[in-house]
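Undergrad: Line by line, the protein sequences give chains A and B. Per our numbering, the first sequence starts with residue 1, numbered consecutively. Per our numbering, the second sequence starts with residue 1, numbered consecutively.
No wet-lab data here; the hints were simulated from the structure.
Computed from the model, here is a short list of chain B residues facing chain A with C-beta under 7 Å:
1. Leu102
2. Ile122
3. Pro129
4. Gln134
Quick caveat, the model's predicted, so the values are computed rather than measured. The beta-carbon is built from N, C-alpha and C at its ideal position, and this holds for glycine as well.
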Amino acid sequence: MGNSPVIVSADLITAYGHGLDQCWNGFMSQQRPFTPITRFPTTGIEGVVAATVPDSSYDGSLSLAGHLLGKTAKTTLELPADTELFLATTVGEIDLMEQEILLHRTEKCAPTCGSLLARTKAIFDKKHASLISAACASGNMALARAAAKIQAGIIEYAIVAGCDVVSEFVFSGFASLGAIDLKGTRPYDRDRAGLTLGEAAGVIVLASEDATHRDGLPRLARLTGWNMTCDAVHITAPRSDGLQLVNAIRNILKTSGITPSEIGGIIGHGTGTVFNDSMEINALNAVFNENARPLFSTKGGVGHTLGAAGIIQAAAAVKAIQEMLLPPQTGLREPMPGAEHMVSDQAQKLATPKILSLNTGFGGINAVLLIEECS
Amino acid sequence: MALVNSSHALMMNRGLSFESKDGVAGIYQEIISSKSIPLMRLDNFRRAGEKARLAMIGSMLALADAGLSTGGNAAIIGWGGEESMAENRAYFTDYAVNGRFLGRSQLFVGTLPSTPLCEAAICLNIHGPVYYFQSDGGLDAVLTEAESLLSSKSGGQALLLGAGCGELLALLLEQSGKAHDYSHSLGIDDMSGIYHSLKKEAGNCSKRG
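Please model the entire structure based on the sequences and the hints provided.
TA: Now the structure itself:
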């Protein structure tokens with residue numbers, strides 16, 4: 001644990017507003033900041049909601065993702081110039097490509113993730129930057145790669161940024177798959193009917209143990225374990241028994257030398273789709289059996305923010321460890337079968353300051369993190 | 001190590017090559033009928049897009065070039081800078097010209113940079129970490145990334161799938177960045193040299209074809 005990366009700052013912009021406390025208070029109040037989509041036509045499914053960022057300052061002069069990440073950059077700690085930047089995103093500046101096609105512009109756009117990487121690098125004024133794109137597991141994957149490089153002594157500091165926005169491109173795609181809940185998502189609920197798209201930018205700054213002491217930085221929590229697997233079963237659907245998610249969780253527990261009962265709580269992927277939530281609950285029951293741990297999904301409040309989801313979850317884990325509780329599950333009416341002893345519409349106390357954060361994505365990608373109190 | 005495009009496929013270590021005028025599907029048929037490498041069932045090949053087909057064949061040939069018939073828990077890292085731009089444009093243009101009513105799901109699933117990598121994982125039953133990587137450093141940077149990933153995994157293998165300009169380079173690495181099953185150790189500089197000579201060779205093949 002001595003070399004485990006330390007989380008020294010966390011900032012979020014979500015549908016709840018700007019700031020981690022703002023987001024946490026939204027979760028605790030069980031408010032659902034979902035509003036009807038007006039940004040683009042939703043022909044055939046009028047009135048469908050999304051969790052968009054309330055921001056009147058956006059003037060459309062650059063991509064929305066670039067705009068949101070720019071706001072988080074203003075709150076990032078002063079860090080050395082050689083700090084490495086990791087960007088997690090699934091479609092990046094997809095809104096620029098939409099405009100190109102819809103307005104019949106002839107110029108050719110750059111690839112959307114790469115262009116956001118270049119913009120983010122400039123925004124944060126860093127020399128070294130990497131894009132990590134692993135579908136909806138991008139956030140946890142990027143945190144894992146940054147953490148591994150710090151633990152190995154390759155780098156001392158990492159800025160891990162995640163961002164995706166509510167776009168016509170992604171909305172129409174998820175709608176074509178029948179994955180959208182028209183009235184708002186209800187993760188882990190018996191009557192869950194799909195996801196609600198969300199948009200967010202989030203930034204986690206990681207530092208080595210030595211750097212936090214030397215530079216007198218805040219020590220919010222510690223990222224002590226990570227593991228990634230692939231179902232290798234189907235390009236959109238997860239493996240129903242969650243075997244590879246089980247393997248990822250067990251690998252972390254084994255590497256960390258802890259038992260399932262030592263986990264205080266779980267921040268799940270919890271999209272609200274029938275298949276994802278079912279797979280996750282199957283996996284968690286396989287690992288924890290009768291030792292069911294408190295479970296919470298951020299997506300009942302901030303929607304499914306794709307590449308930012310893992311960043312939001314890590315930030316929420318920091319706050320949960322500080323408060324020693326998980327928020328009530330936003331949108332929950334009646335827990336789905338198998339989740340009765342995990343999710344609740346009341347805040348749940350953590351027995352230990354150790355939280356697992358789960359991400360899963362298209363193609364069967366699984367990425368799991370273990371976040372603990374900084375002793 | 002393998003290089004695949006729409007008319008040729010080359011295996012570096014074994015010195016095998018396959019040619020077809022019927023695109024990537026034709027190359028796949030040539031590989032199957034040659035019976036010169038372990039048969040891997042690419043069950044999703046017919047429904048996959050061009051980039052995913054290249055990823056499947058490239059992965060299969062890179063594994064076979066190293067004498068393997070399965071990838072086990074290998075990591076798969078994509079790179080090359082093209083992401084899925086062509087697939088993104090195809091999906092959204094189709095959606096737009098058809099009245100912005102509903103997208104085609106079969107086009108949408110191909111729009112993530114990680115989709116071809118996952119298609120390869122599915123076909124070859126590979127269960128390690130899968131992600132698309134990009135930085136300023138090109139092949140050198142992705143080799144360094146893979147070496148760092150393998151060190152943190154304490155072993156194993158990584159398939160690096162670099163796609164660009166209608167071709168795909170597939171490299172199989174073991175921990176410490178050495179290419180699998182080669183008679184001599186290859187460093188990053190060696191890999192870069194081989195990559196450029198393979199590209200040149202593929203270009204010559206195309207001209208001959």
